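Asker: Here is how the chains run, residue by residue.
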Amino acid sequence: DTGVSQDPRHKITKRGQNVTFRCDPISEHNRLYWYRQTLGQGPEFLTYFQNEAQLEKSRLLSNRFSAERPKGSFSTLEIQRTEQGDSAMYLCASSPRGRDNYNEQFFGPGTRLTVL
Amino acid sequence: DQQVKQNSPSLSVQEGRISILNCDYTNSMFDYFLWYKKYPAEGPTFLISISSIKDKNEDGRFTVFLNKSAKHLSLHIVPSQPGDSAVYFCAASAGNYNQGGKLIFGQGTELSVKP
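Protein chains in written order, with this note's numbering: chain A, 1 to 116; chain B, 1001 to 1115.
The hints are simulated quantities; they were obtained by calculation from the structure and are not laboratory data. Keep in mind that this is a model prediction, so the values were computed, not measured. A portion of the hints provided could be inaccurate.
[What the hints assert, rightly or not] In the DMTMM-like style, the derived pairs of lysine to aspartate or glutamate whose C-alpha atoms are separated by at most 20 Å in a straight line are: (1) LYS1005(B) - GLU44(A); (2) LYS1037(B) - GLU104(A); (3) LYS1054(B) - ASP100(A); (4) LYS1056(B) - ASP100(A).
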């Protein structure tokens, strides 16, 4: 299967701990997005990469959050000093480089974070 | 400010009938719209999309209609099947190829198709 993969699928941590999530996009896709989804809401945009460049960050992304995509392939999202309000599903998506379909984002299964 | 709204949290339809899911948006800069389907514990799955230069796009049982003057789009599923039961999200994006294409999502509508 060559879809978007995310690791881990579930993470339980204590308040104040740091966590890191990984996303592997579809290999030929150059754009990679991170979203966060809480119960009863749609996904909310966090940040976006084109190749290795981080081109946009949401105001939702506080200074405790950092994302990287060092070689333009996989990406990591780190949350430092986690808070209970960080509990959510973290979704990664990638989209193709074509001008006709670059808006069509393909999502991974998500990482469910629970902060105790 | 909720730029994309799905005002019906849930919809129940009989198998074989039509399901109509609605979505409204406020930002006139949106020029591309998508529908996603989501099962529990999975990421959203892309279903169908439409550019603002069109008013209809069809793919098998799924048709999306766009009414730009009303800032409204709808997804029609005909005929509905029990396997269509899921949460459906409407999403929109603005900007050209060089501006990224981040998606703004609605809150979702949970569709239940009863046998």
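Asker: The structure should be examined with respect to each hint, and the outcome stated for every one.
Answerer: Hint-by-hint comparison with the structure:
Our distance criterion of 20 Å between C-alpha atoms is met by LYS1005(B) and GLU44(A), whose separation comes to about 13 Å. For the hint pairing LYS1037(B) with GLU104(A), the CA-to-CA distance comes to about 13 Å; that is within 20 Å, so the pair holds. The suggested pairing of LYS1054(B) with ASP100(A) holds, with an alpha-carbon distance near 14 Å, which does not exceed 20 Å. Of the pairs offered as hints, the one joining LYS1056(B) and ASP100(A) holds, with about 17 Å between alpha carbons and a cut-off of 20 Å not exceeded.
When each numbered hint is compared with the structure, no violation occurs for any of them.
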